[in-house]
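Q: Construct the entire structure; sequences and hints are all you get.
Protein chains in written order, with UniProt numbering: chain A, 1 to 329; chain B, 1 to 329.
The set of hints was computed from the structure by calculation and includes no laboratory data.
As the structure is a prediction and not an experimental result, all values here were calculated from the model.
Remember, identical chains collapse to one label, so a pair may be satisfied in a single copy or spanning two.
Taking lysine to any residue and the SDA-like style, the derived pairs with C-alpha atoms no more than 20 Å apart in a straight line are:
1) 69 x 265
2) 69 x 98
3) 162 x 149
4) 146 x 170
5) 69 x 99
6) 146 x 75
7) 327 x 255
8) 35 x 290
9) 250 x 191
10) 116 x 190
11) 69 x 18
12) 35 x 268
13) 218 x 250
14) 69 x 17
15) 223 x 255
There are 2 protein chains.
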Amino acid sequence: MVGTGCSGTNAYRYGTMREWVLSLTVVLADGTVIKTRQRPRKSSAGYDLTKLFIGSEGTLGLITEATLKLTVTPASQNVAVASFPSIQNAAECVTHVVEAGIPVAGVEILDDVQMKCINASGSTSREWKESPTIFFRFAGTPGAVKEQVGMVQKIASKTASKSFEFARGDEEMAELWSARKAALWSVMAMRRNPDDHVWTTDVAVPMSRLPDIIDATKADMAKSGLLAGICGHVGDGNFHAIILFSDKEKEIAEGVVHRMVKRAVEMEGTVTGEHGVGLVKRDYLAHELGESTVDAMRRLKMAFDPLRLLNCDKVVRTEQPAPGEVKEW
Amino acid sequence: MVGTGCSGTNAYRYGTMREWVLSLTVVLADGTVIKTRQRPRKSSAGYDLTKLFIGSEGTLGLITEATLKLTVTPASQNVAVASFPSIQNAAECVTHVVEAGIPVAGVEILDDVQMKCINASGSTSREWKESPTIFFRFAGTPGAVKEQVGMVQKIASKTASKSFEFARGDEEMAELWSARKAALWSVMAMRRNPDDHVWTTDVAVPMSRLPDIIDATKADMAKSGLLAGICGHVGDGNFHAIILFSDKEKEIAEGVVHRMVKRAVEMEGTVTGEHGVGLVKRDYLAHELGESTVDAMRRLKMAFDPLRLLNCDKVVRTEQPAPGEVKEW
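A: Below you can see the structure in the form of structure tokens.
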């Protein structure tokens, strides 16, 4: 068919890394070196090995080289920060931005706890409102960026924003974005003693369910007594929890994460949006996808690594678990 | 890691269909039914089975259901059409559009032969310039679309465009896009007798090589004496040839396609951008990707379909070819 694949140029949406990978060089378990693809932007020649190896966590082969797509720096960029009385208000704002067809390059949320940590840790050079806050990134042609900032400002004020600021120049842009950048470090700075641990974990749900799962997870965290911030990629329905805990609180933290994962699966989401399953989330896969789908993944593992040499038993188990080894769902 | 996946909202770039698929239901060769994924926009839970089945041409399983991403209709859209003295001028225009960071939603090229066929077949309601022509699609917020049309118009005039038209309203938009839509049918309408065949085939190369490969392929087609139009997705370095031939001219057409494929591989491209390899391009895969990569694909096939029940020997051979069966490279 001619005409299925009308192609555009640069679209300013910072997606996941995998969308930017054209080709990989991979060393397979038997030592064979393969290149998954040449470097055109589009190919339908054979199976998509590139995507298969991305996110396989070293269990199918060892990636030694990656060819990435290039893009130009946007002609114009900006950042805006809006704070809201609640997560629901903040999410409602983003929903209206999407419905209005405004192609925002990035839209991130930090919760009140996260904003408090940023202030308390002094990670940035200013004081922030300690309520749910949305960070918008705009990129495109100069008039487009200006127009989009204006449109988003109007929508934010209609959805009860308590404040809305946008940058007037590169320096202000960096300043406004600095809180978003400081999220992880600011929670780490809250450790009461050097033995405290930080657990960063993530899940993703359909965008419409994001405020519900964040609210439920926040309530659970508050009840647990742990200090935990939330930082979300709203446009993807994906959020991270950054949880502080001591050795003694390990089981409490595990409970919080377990319930967060369960909630995500029940809302038709995934046990991890970006982090991968590794060992800790491996046994959740069957709950998310079903036993048959995990079996299909196991076939892939065994096809590429029949001797089970590479990161064995990560992502999928290749042997039956011992009795009692799998956590109750 | 927190913060790798900053997420935007709608980016108006009509990509390939695969970018819009969230999840698939697939019947495997042994009758097992699997669902590859739940429906969040982002997941890193396990291997990417979704992308594996997309484009596998029915050789790994039977797709029975697909869950797609939704997007809103852009607030504003437009179409512009620019004609150029040569393919090189047209490509230069697109290069400058990309370099200027203008996020065009679609950019398509039709060559002079293609434009002649559209006029001769009366497929549209107007007369077109019979020279290489670029069709731009714009989508976004109203001011952004207006700004982008203006920027592209300036660039086109600096790269020797012979004409530049943009739509003033939905009707004109449909009219300007009508030639792009009529590409395939207008060449088919040129058949001299009902037994003539139409061969549609495609390759893709890195964007910078697109004008070179189109020029070389056009010269080869002219020499062959066959009527053949070219229609390209410039933003992806991907183009289609639409070749008319009679039973007697079959070998000539095969030669044209063979050399077009070879040229693409030599320019670090792919033997097919959208159509897939099926049987005809299957033996080209090793030239594009190397024997080891094809072996890795064969492992996938045998892992999912050990009895070779599904579209056997398409995409990859599962048995040694008979002597003389593989075309000379």
